[in-house]
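Protein chains in written order, with our numbering: chain A, 1 to 111; chain B, 1 to 112.
Any given hint could be a false lead.
[Stated by the list, open to error] Simulated crosslink set (BS3-like; lysine-lysine; CA at most 30 Å straight-line):
| hint | chain 1 | residue 1 | chain 2 | residue 2 |
| --- | --- | --- | --- | --- |
| 1 | B | Lys57 | A | Lys2 |
| 2 | A | Lys56 | A | Lys42 |
| 3 | B | Lys83 | A | Lys42 |
| 4 | A | Lys67 | B | Lys71 |
| 5 | A | Lys2 | B | Lys83 |
| 6 | A | Lys42 | B | Lys71 |
| 7 | B | Lys14 | B | Lys57 |
| 8 | A | Lys42 | B | Lys14 |
| 9 | B | Lys70 | A | Lys56 |
| 10 | B | Lys71 | B | Lys9 |
| 11 | B | Lys9 | B | Lys57 |
| 12 | A | Lys42 | B | Lys57 |
| 13 | A | Lys67 | A | Lys56 |
| 14 | A | Lys67 | B | Lys9 |
| 15 | A | Lys56 | A | Lys2 |
| 16 | B | Lys83 | B | Lys9 |
| 17 | A | Lys2 | A | Lys42 |
| 18 | B | Lys71 | B | Lys57 |
| 19 | B | Lys70 | B | Lys9 |
| 20 | B | Lys70 | B | Lys57 |
| 21 | A | Lys2 | B | Lys14 |
| 22 | B | Lys83 | B | Lys57 |
| 23 | A | Lys67 | A | Lys2 |
| 24 | B | Lys83 | B | Lys14 |
The hints are simulated quantities; they were obtained by calculation from the structure and are not laboratory data.
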Amino acid sequence: QKEVEQNSGPLSVPEGAIASLNCTYSDRGSQSFFWYRQYSGKSPELIMFIYSNGDKEDGRFTAQLNKASQYVSLLIRDSQPSDSATYLCAAASGGSYIPTFGRGTSLIVHP
Amino acid sequence: DGGITQSPKYLFRKEGQNVTLSCEQNLNHDAMYWYRQDPGQGLRLIYYSQIVNDFQKGDIAEGYSVSREKKESFPLTVTSAQKNPTAFYLCASSIGGLDTQYFGPGTRLTVL
Chain A
1 QKEVEQNSGP
11 LSVPEGAIAS
21 LNCTYSDRGS
31 QSFFWYRQYS
41 GKSPELIMFI
51 YSNGDKEDGR
61 FTAQLNKASQ
71 YVSLLIRDSQ
81 PSDSATYLCA
91 AASGGSYIPT
101 FGRGTSLIVH
111 P
Chain B
1 DGGITQSPKY
11 LFRKEGQNVT
21 LSCEQNLNHD
31 AMYWYRQDPG
41 QGLRLIYYSQ
51 IVNDFQKGDI
61 AEGYSVSREK
71 KESFPLTVTS
81 AQKNPTAFYL
91 CASSIGGLDT
101 QYFGPGTRLT
111 VL
């Protein structure tokens, strides 16, 4: 059974701080990794995707992948109250091509 | 505008009724997916289709049915056999394979 694990939170950080969201996955064959943001009552929207080991930066967001440790993280710099949402991690392997989603981490950025 | 549309946004069903949720995309994506999300839960895969006229069961297909007669459309029917259908239903599409999934706005189904 493929699993993607996330701490449900909530993770509470002050405005302007760095928020660090973490995710582990069980399937060593996973090749593609995604971070989605989901506001309450809304559908998930893609924040980042990463395929290779290392860091990938896009604006205030940095995704980090460590395949040896089966670990993916998302860093949000200069956190804003508008970043308050649930962040879903997903991993897809070449075998099924269907991503497995974690349950999400709730992030609260307080002024 | 390119995107994925789902209708209706809210749907109420009486016990014993079948209801159909619509999902349409104009992104020219080959693959389409249906997920269910319950409060505090992750996304659970109901059905997926990687090509027209073909679809596969996901993890929780019992009580649901789909069709894929056109590339753009992937409707989901929630049958009376689904014992606990109240949930948020999300449709997604992707170019295929390992590519990024993009989600529609969702349909919130409530059983009265």
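Now the hints, each set against the structure:
1. For the suggested pair Lys57 (chain B) and Lys2 (chain A), the alpha carbons sit about 16 Å apart, so the restraint of at most 30 Å is met.
2. At most 30 Å may separate the alpha-carbon atoms for a hinted pair to count; Lys56 (chain A) and Lys42 (chain A) meet this at roughly 26 Å.
3. Distance check on the hinted pair: Lys83 (chain B) and Lys42 (chain A) sit about 24 Å apart at the alpha-carbon level, within 30 Å; holds.
4. A hinted pair counts as satisfied when its Cα atoms are at most 30 Å apart, and Lys67 (chain A) with Lys71 (chain B) does not qualify at roughly 35 Å.
5. The suggested pairing of Lys2 (chain A) with Lys83 (chain B) holds, with an alpha-carbon distance near 26 Å, which does not exceed 30 Å.
6. Simply put, Lys42 (chain A) and Lys71 (chain B) have alpha-carbon atoms about 25 Å apart, close enough for the 30 Å limit, and the pair holds.
7. Between the alpha carbons of Lys14 (chain B) and Lys57 (chain B) the distance comes to roughly 25 Å, so the proposed pair stays at or under 30 Å and holds.
8. Note on Lys42 (chain A) and Lys14 (chain B): the hinted pairing holds, with a Cα-Cα distance of about 24 Å set against a maximum of 30 Å.
9. In summary, the hint linking Lys70 (chain B) to Lys56 (chain A) is not supported, as the alpha carbons are separated by about 37 Å, beyond the 30 Å threshold.
10. The straight-line distance between the Cα atoms of Lys71 (chain B) and Lys9 (chain B) is roughly 22 Å, inside the 30 Å bound, and the hint therefore holds.
11. Restraint check: the Cα-Cα separation between Lys9 (chain B) and Lys57 (chain B) comes to about 24 Å, which is no more than 30 Å; the hinted pair holds.
12. Note on Lys42 (chain A) and Lys57 (chain B): the hinted pairing holds, with a Cα-Cα distance of about 25 Å set against a maximum of 30 Å.
13. For the given pair, Lys67 (chain A) sits about 14 Å from Lys56 (chain A) by alpha-carbon distance, which is consistent with the 30 Å threshold.
14. Taking the CA atoms of Lys67 (chain A) and Lys9 (chain B), the gap is near 39 Å; set against the 30 Å cutoff, the hint is violated.
15. Restraint check for Lys56 (chain A) and Lys2 (chain A): the C-alpha separation of about 24 Å stays at or below 30 Å, so the hint holds.
16. With a C-alpha separation of about 21 Å, the suggested pair Lys83 (chain B) and Lys9 (chain B) falls inside the 30 Å cut-off, and the hint holds.
17. For the hint pairing Lys2 (chain A) with Lys42 (chain A), the CA-to-CA distance comes to about 26 Å; that is within 30 Å, so the pair holds.
18. Under the criterion of a C-alpha separation no larger than 30 Å, the hint pairing Lys71 (chain B) with Lys57 (chain B) is consistent with the structure, at around 18 Å.
19. A hinted pair counts as satisfied when its Cα atoms are at most 30 Å apart, and Lys70 (chain B) with Lys9 (chain B) qualifies at roughly 22 Å.
20. Among the hinted pairs, Lys70 (chain B) with Lys57 (chain B) is consistent with the structure: their alpha-carbon atoms are about 18 Å apart, no more than 30 Å.
21. Between Lys2 (chain A) and Lys14 (chain B), the direct Cα distance comes to roughly 35 Å. Violation of the 30 Å bound is thereby established for this hinted pair.
22. Restraint check for Lys83 (chain B) and Lys57 (chain B): the C-alpha separation of about 18 Å stays at or below 30 Å, so the hint holds.
23. Restraint check for Lys67 (chain A) and Lys2 (chain A): satisfied, since their Cα atoms lie roughly 15 Å apart, inside the 30 Å limit.
24. At roughly 12 Å between alpha-carbon atoms, Lys83 (chain B) and Lys14 (chain B) fall within 30 Å of each other, so this suggested pair holds.
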